[in-house]
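For the protein sequence lines, the chains are A and B, in the order given. Counting along the first sequence from 1, when you hit position 467 you're at 467 in the working numbering, and nothing is skipped either side. Counting along the second sequence from 1, when you hit position 47 you're at 47 in the working numbering, and nothing is skipped either side.
No lab work stands behind these hints: they were computed from the structure. The C-beta atom is built at its ideal place from N, Cα and C for all residues, glycine as well. There's no promise every hint is true.
Said to hold, decoys possible - What follows is a set of in silico ranges between Cβ atoms, one per label pair, in the way DEER data are often shown:
#1 N144/A to K185/B: 29 to 39 Å
#2 E66/A to L46/B: 56 to 66 Å
#3 K185/B to Q251/A: 19 to 29 Å
#4 D95/B to P170/A: 23 to 33 Å
#5 L113/B to H132/A: 27 to 37 Å
#6 E180/B to R194/A: 24 to 34 Å
#7 S20/B to H320/A: 51 to 61 Å
Residues per chain, in single letters:
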Amino acid sequence: MNRSLLNSWKEAWPGALELWSRYTKLSQPTWLFEATEEAGQGLTGSFAAIRLNDHRILISLRQIEEYGLEDYAPEILAHETGHHVYCPANLLEGGRALAVALKALPTFEKMAPSIINMWEDLLINDRLVREHKQRHPEIYEILNKKSKEKPSLLWSFYMRTYEILWGLRPGRLCAEELTKAQEGDAHLAARMVRVYGNDWLSGVGGYAALCLPYIDNLKSLFEERLHLLFDTEGMGEGCEVPLGILEGSEQEIVHPSVDPNVVGKEHASESPSEENSEVGGTGGQSREPFQYGQILEALGLKLDEHEAAVRFYREQALPHLIPFPTQETEESKEPLMEGLEPWDVGNPLDQVDWMESVIVSPRVIPGVTTVRRTWGQTGGQEKEREPLDLDLYVDCSGSIPNPQKSYSYLTLAGAIVVISALRTGARVQATLWSGPRQFDTTHGFISDERLLLRVLTGYLGGGTAFPNHILRDTYLEGRTKRRPTHILILSDNGIDTMARNDEKGNSGMTIAQQALDKAAGGGTMVLQLYNDSFLQGPFAKQARQMGWEMFRVNDWSGLLDFARKFSKLKYGREKVKR
Amino acid sequence: MKKGPSIEELSRHLAECPPSFLAEPIQPNGTGQTQVSAVVSDLLILMSGHRLSEREAKTFEYSSSKKVRTERNRLRTLLVASWLGYHPKLRRAMDPQDFQTFLRDGLDQIASLVQADSFVNDPDRREEITRLLLLGTALLPEGETEQEAQDRFDALSTVKRNEVLQASRAAEERARKLREDLARKERERRAASTYGYE
Numbered sequence: 001m002n003r004s005l006l007n008s009w010k011e012a013w014p015g016a017l018e019l020w021s022r023y024t025k026l027s028q029p030t031w032l033f034e035a036t037e038e039a040g041q042g043l044t045g046s047f048a049a050i051r052l053n054d055h056r057i058l059i060s061l062r063q064i065e066e067y068g069l070e071d072y073a074p075e076i077l078a079h080e081t082g083h084h085v086y087c088p089a090n091l092l093e094g095g096r097a098l099a100v101a102l103k104a105l106p107t108f109e110k111m112a113p114s115i116i117n118m119w120e121d122l123l124i125n126d127r128l129v130r131e132h133k134q135r136h137p138e139i140y141e142i143l144n145k146k147s148k149e150k151p152s153l154l155w156s157f158y159m160r161t162y163e164i165l166w167g168l169r170p171g172r173l174c175a176e177e178l179t180k181a182q183e184g185d186a187h188l189a190a191r192m193v194r195v196y197g198n199d200w201l202s203g204v205g206g207y208a209a210l211c212l213p214y215i216d217n218l219k220s221l222f223e224e225r226l227h228l229l230f231d232t233e234g235m236g237e238g239c240e241v242p243l244g245i246l247e248g249s250e251q252e253i254v255h256p257s258v259d260p261n262v263v264g265k266e267h268a269s270e271s272p273s274e275e276n277s278e279v280g281g282t283g284g285q286s287r288e289p290f291q292y293g294q295i296l297e298a299l300g301l302k303l304d305e306h307e308a309a310v311r312f313y314r315e316q317a318l319p320h321l322i323p324f325p326t327q328e329t330e331e332s333k334e335p336l337m338e339g340l341e342p343w344d345v346g347n348p349l350d351q352v353d354w355m356e357s358v359i360v361s362p363r364v365i366p367g368v369t370t371v372r373r374t375w376g377q378t379g380g381q382e383k384e385r386e387p388l389d390l391d392l393y394v395d396c397s398g399s400i401p402n403p404q405k406s407y408s409y410l411t412l413a414g415a416i417v418v419i420s421a422l423r424t425g426a427r428v429q430a431t432l433w434s435g436p437r438q439f440d441t442t443h444g445f446i447s448d449e450r451l452l453l454r455v456l457t458g459y460l461g462g463g464t465a466f467p468n469h470i471l472r473d474t475y476l477e478g479r480t481k482r483r484p485t486h487i488l489i490l491s492d493n494g495i496d497t498m499a500r501n502d503e504k505g506n507s508g509m510t511i512a513q514q515a516l517d518k519a520a521g522g523g524t525m526v527l528q529l530y531n532d533s534f535l536q537g538p539f540a541k542q543a544r545q546m547g548w549e550m551f552r553v554n555d556w557s558g559l560l561d562f563a564r565k566f567s568k569l570k571y572g573r574e575k576v577k578r
Numbered sequence: 001m002k003k004g005p006s007i008e009e010l011s012r013h014l015a016e017c018p019p020s021f022l023a024e025p026i027q028p029n030g031t032g033q034t035q036v037s038a039v040v041s042d043l044l045i046l047m048s049g050h051r052l053s054e055r056e057a058k059t060f061e062y063s064s065s066k067k068v069r070t071e072r073n074r075l076r077t078l079l080v081a082s083w084l085g086y087h088p089k090l091r092r093a094m095d096p097q098d099f100q101t102f103l104r105d106g107l108d109q110i111a112s113l114v115q116a117d118s119f120v121n122d123p124d125r126r127e128e129i130t131r132l133l134l135l136g137t138a139l140l141p142e143g144e145t146e147q148e149a150q151d152r153f154d155a156l157s158t159v160k161r162n163e164v165l166q167a168s169r170a171a172e173e174r175a176r177k178l179r180e181d182l183a184r185k186e187r188e189r190r191a192a193s194t195y196g197y198e
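Produce the entire structure from the sequences given, and follow the hints as far as they go.
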């Protein structure tokens, strides 16, 4: 290990921080000296990286020496700091950028993080060169000389952008001859850097759109030079998934050559481009759960497909939470002071009744003379509202699309109701069902949101047989005294298997009727149906007569209609009769 | 080439352009607030003691009432360039004849592409007109070589950019089609695996 190199880089660190602001505080970078250390820290390919979890910077001094960049400590350290304080700055913005870039780069999802990194580097480096006269062009010159491969067109376009940005002699960074159109693209990219310098996220889609033809032209998606600069790879490792990643990703992708901010109103296209029609644009969304998983993976968050789907539907449901039905109880409970008991040193300090403690002994000895009040309950004058519990049955037979792979309004409806119920203090039992004896359940009423959403977003994909036995076991057998419960069933026309007898020969419809009565909180069936004929059929008529509410949810408007009507259901106005 | 002031200094001066230099040039029908030829003439008197002749003054006015729309931006750009010319160090460094020639002939092309207000409000355009004026009056920005000054101007030049942007705009059509084709292929591929049998 070269001790003097380490010392000189350590000395450059405070200055690099100060370039952004004198108030910037980051801990010293983690200096890495061996390839094994780099691999242990997840630093693969690049000589530097950032980690948002603990706001760390990783620097491989081994590679710095290898590439001959020893003299560029202020540049490299200030650049990495820029990723922490300017762009992406946090995981939420990084995630949002990815959501937009994925849309602009269909089928090239793997390249999206690299393209965003290039965009971020343009913004950071331009600021450092223009405001602080840093020597970033020299770094690119060194890297270009070191690389043995012929640069790709993407790289040449990228280098030409820097030449334009910094007014460098043509050919200093981009040795290749570009066509007029490619030269124009580089001018557009350079202009974008200036236009979106204060709003980096807004430029991501346009920049990615500009890069797409160059990516399509790549012989291999792995280019050593690009990878060498990929210092935001795995930046979210160890972070929690932030909420709101998909927010704003529905905006249309505007190519910079028709972006009025970049080329001026007079040169921008008057009519919106055809691609606008791709986007729903009415509050619905075109994002799929698997795309959400791709974003999380690209951020360095290690979640499986199922867990990503849980986060996806949770994020989608949160803006649409509804007032979950509650019921009025006979009377409220009010606290009643019953007496005093010793206060021990292990008890919360605010529970000490100081007046009573002083009366016991004017010389207060904690744990000996201290006392606290004890409280009982008495019936109050006011009526109290109590949430209904929720019993959820989710159909995941083969006729239902896998919610982990494609957007399911049915699953979203379930997520909205489950999270709304939990917010009011309800407990929820969730059962995922498919064919006979094919089910997964929470085994009782729980408040664990993640576990409930895992059941909701699960998939079995087998036959279809409503689990009458669970309905029976929950309401007709075992413990009968429970909070009023609302039964919610998410299914399609396979719900009519509810009419079949259970394994003991009991009539399914009788079980459904008795369970609904015992649950005392009403029942709802949310069905994914391709037409209304099922709702006019004998099963649906009988179910409605029993008191089941039925909703058809196939699309966004159906979902909103369901949420609106469900929140107004009148179970809450009925008094609980216990 | 003679040494001139730094680009930063001149850009800053331009950013502080007073509203009167962005006012409406007086039209043949008398409307408007600023007589551009008078502003230019005053500046030349300050630089060399010589005023514009009547014939010269005409090149800094609307040529006819029919050309108000087409000549308006050129005259407004002239006003902005005049404000730049008022910078004390630059005023002393420039040759008055070069400056007058630049004002007369050097702004036509850029004024046909860029709105005069952008030369004050947009940092890139501020730098562009500053560099254009320095090149047009054979001055070198402080701290730059001739080659650097030319490269930096080329990188900013709206005229040059406009040429290549036409080509880029045509390429955009192809890029959009590519994106739509790829997106359609992706949708079809996903649709085939919607039910999770993959």
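Here is how each hint holds up against the structure:
{"no.": "1", "hint": "N144/A to K185/B: 29 to 39 Å", "in the structure": "holds (35 Å)"}
{"no.": "2", "hint": "E66/A to L46/B: 56 to 66 Å", "in the structure": "holds (60 Å)"}
{"no.": "3", "hint": "K185/B to Q251/A: 19 to 29 Å", "in the structure": "holds (23 Å)"}
{"no.": "4", "hint": "D95/B to P170/A: 23 to 33 Å", "in the structure": "holds (30 Å)"}
{"no.": "5", "hint": "L113/B to H132/A: 27 to 37 Å", "in the structure": "holds (32 Å)"}
{"no.": "6", "hint": "E180/B to R194/A: 24 to 34 Å", "in the structure": "holds (29 Å)"}
{"no.": "7", "hint": "S20/B to H320/A: 51 to 61 Å", "in the structure": "holds (55 Å)"}
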